[in-house]
Amino acid sequence: DVKVTQSSRYLVKRTGEKVFLECVQDMDHENMFWYRQDPGLGLRLIYFSYDVKMKEKGDIPEGYSVSREKKERFSLILESASTNQTSMYLCASSLSPTEQYFGPGTRLTVT
Amino acid sequence: RKEVEQDPGPFNVPEGATVAFNCTYSNSASQSFFWYRQDCRKEPKLLMSVYSSGNEDGRFTAQLNRASQYISLLIRDSKLSDSATYLCVVNHQAGTALIFGKGTTLSVSS
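Here the protein sequences come in this chain order: W and G.
Using the numbering used here, read the first sequence as starting at 2 and increasing by one per residue.
Using the numbering used here, read the second sequence as starting at 184 and increasing by one per residue.
Read the hints as simulated data drawn from the structure, not as lab findings.
Keep in mind that a hint or two might mislead.
[Unchecked claim] To list a few chain W residues with every Cβ distance to chain G over 12 angstroms, as calculated: (1) E18; (2) T84; (3) R108.
[Unchecked claim] Cross-link-like lysine-lysine pairs, in silico, BS3-like; alpha carbons within 25 angstroms at most: (4) K228/G <-> K4/W; (5) K58/W <-> K185/G; (6) K71/W <-> K19/W; (7) K54/W <-> K72/W; (8) K72/W <-> K58/W; (9) K14/W <-> K225/G; (10) K228/G <-> K58/W; (11) K56/W <-> K228/G; (12) K4/W <-> K185/G; (13) K72/W <-> K228/G.
Glycine residues also receive a C-beta, built at the ideal position from the N, C-alpha and C atoms.
Generate the whole structure from the sequences, applying the supplied hints.
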């Protein structure tokens with residue numbers, strides 16, 4: 002079974018803090034994705050990566066950056082957290098751009 | 184126009200009912216189509232791919248109409264465990280990310 006893990010299920014941070022969300026997959030997938038999910042807005046793609054050290058902006062990259070130094074790990078970074086970044090963050094991986102396997106999500110609250 | 188549109192529902196049906204969800208997509212170049220299921224407070228998981236000829240998996244039937252840019256999901260003999268949000272998903276071309284609809288919520292009651 003594919004396993005995608007995320008570093009925290011729940012996280013509370015203060016405005017202005019730098020936040021790191023980590024995602025690790027164990028199936029040697031090339032593709033990894035970061036989404037946020039908000040009520041009424043659905044899943045929105047923040048960044049994705051097709052290879053180590055490679056990244057592509059998704060639909061809402063502003064305020065975020067990513068890092069992929071190893072194939073199995075894809076990190077999402079909030080340089081200076083703001084309250085409008087309070088959300089559920091979901092990481093996913095895939096072997097091809099078809100079936101994506103999601104992690105359990107991190108519910109981030111910025112106060 | 185949004186890329187993938189779904190009726191958000193909720194659809195409230197009794198056990199045993201047949202329920203159908205519809206989805207439209209805006210990009211005629213879309214190549215791959217899927218239905219994902221997301222349980223409350225859980226991550227989305229692939230339910231089934233959708234093929235041009237239509238396909239069935241047990242009580243679930245998916246249909247694709249490329250001319251109308253329309254995808255459907257039919258659930259027969261609904262179970263309580265079918266209660267979830269169903270996400271319509273398209274992929275424009277190989278090498279691009281998936282595009283998710285906002286989801287349709289189904290609640291099956293006894």
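Pair hint outcome, K71/W versus K19/W [Cα-Cα no greater than 25 angstroms]:
holds, 21 angstroms
Does the no-contact call for E18/W survive, Cβ to all of chain G over 12 angstroms?
holds, 25 angstroms
Does the structure keep K228/G and K4/W at a Cα separation of 25 angstroms or less?
Cα-Cα ~12 angstroms, so holds.
Please verify whether K56/W and K228/G have alpha carbons no more than 25 angstroms apart.
holds, 24 angstroms
Does K185/G sit within 25 angstroms of K58/W, going by the straight-line distance between their CA atoms?
Holds. K58/W to K185/G sits at ~19 angstroms (cutoff 25 angstroms).
Was R108/W rightly flagged as not at the interface, with every chain G Cβ beyond 12 angstroms?
Violated: least Cβ distance 9 angstroms, not greater than 12 angstroms.
Given as non-interface: T84/W, which should sit over 12 angstroms from chain G by C-beta
holds, 22 angstroms
Checking one constraint from the list: CA of K54/W to CA of K72/W, max 25 angstroms. Satisfied?
Holds - the C-alpha atoms of K72/W and K54/W are around 9 angstroms apart, at most 25 angstroms.
For the pair supplied as a hint, K72/W and K228/G, is the alpha-carbon distance within the 25 angstroms limit?
holds, 22 angstroms
Going straight from one Cα to the other, do K72/W and K58/W come out at no more than 25 angstroms?
holds, 18 angstroms
Hint consistency between K14/W and K225/G [alpha-carbon to alpha-carbon, up to 25 angstroms]:
holds, 22 angstroms
Would you mind confirming whether the straight-line C-alpha gap from K4/W to K185/G stays at or under 25 angstroms?
Cα-Cα ~31 angstroms, so violated.
Consistency with the previously given hints fails for numbers 3, 12, ordered from lowest to highest.
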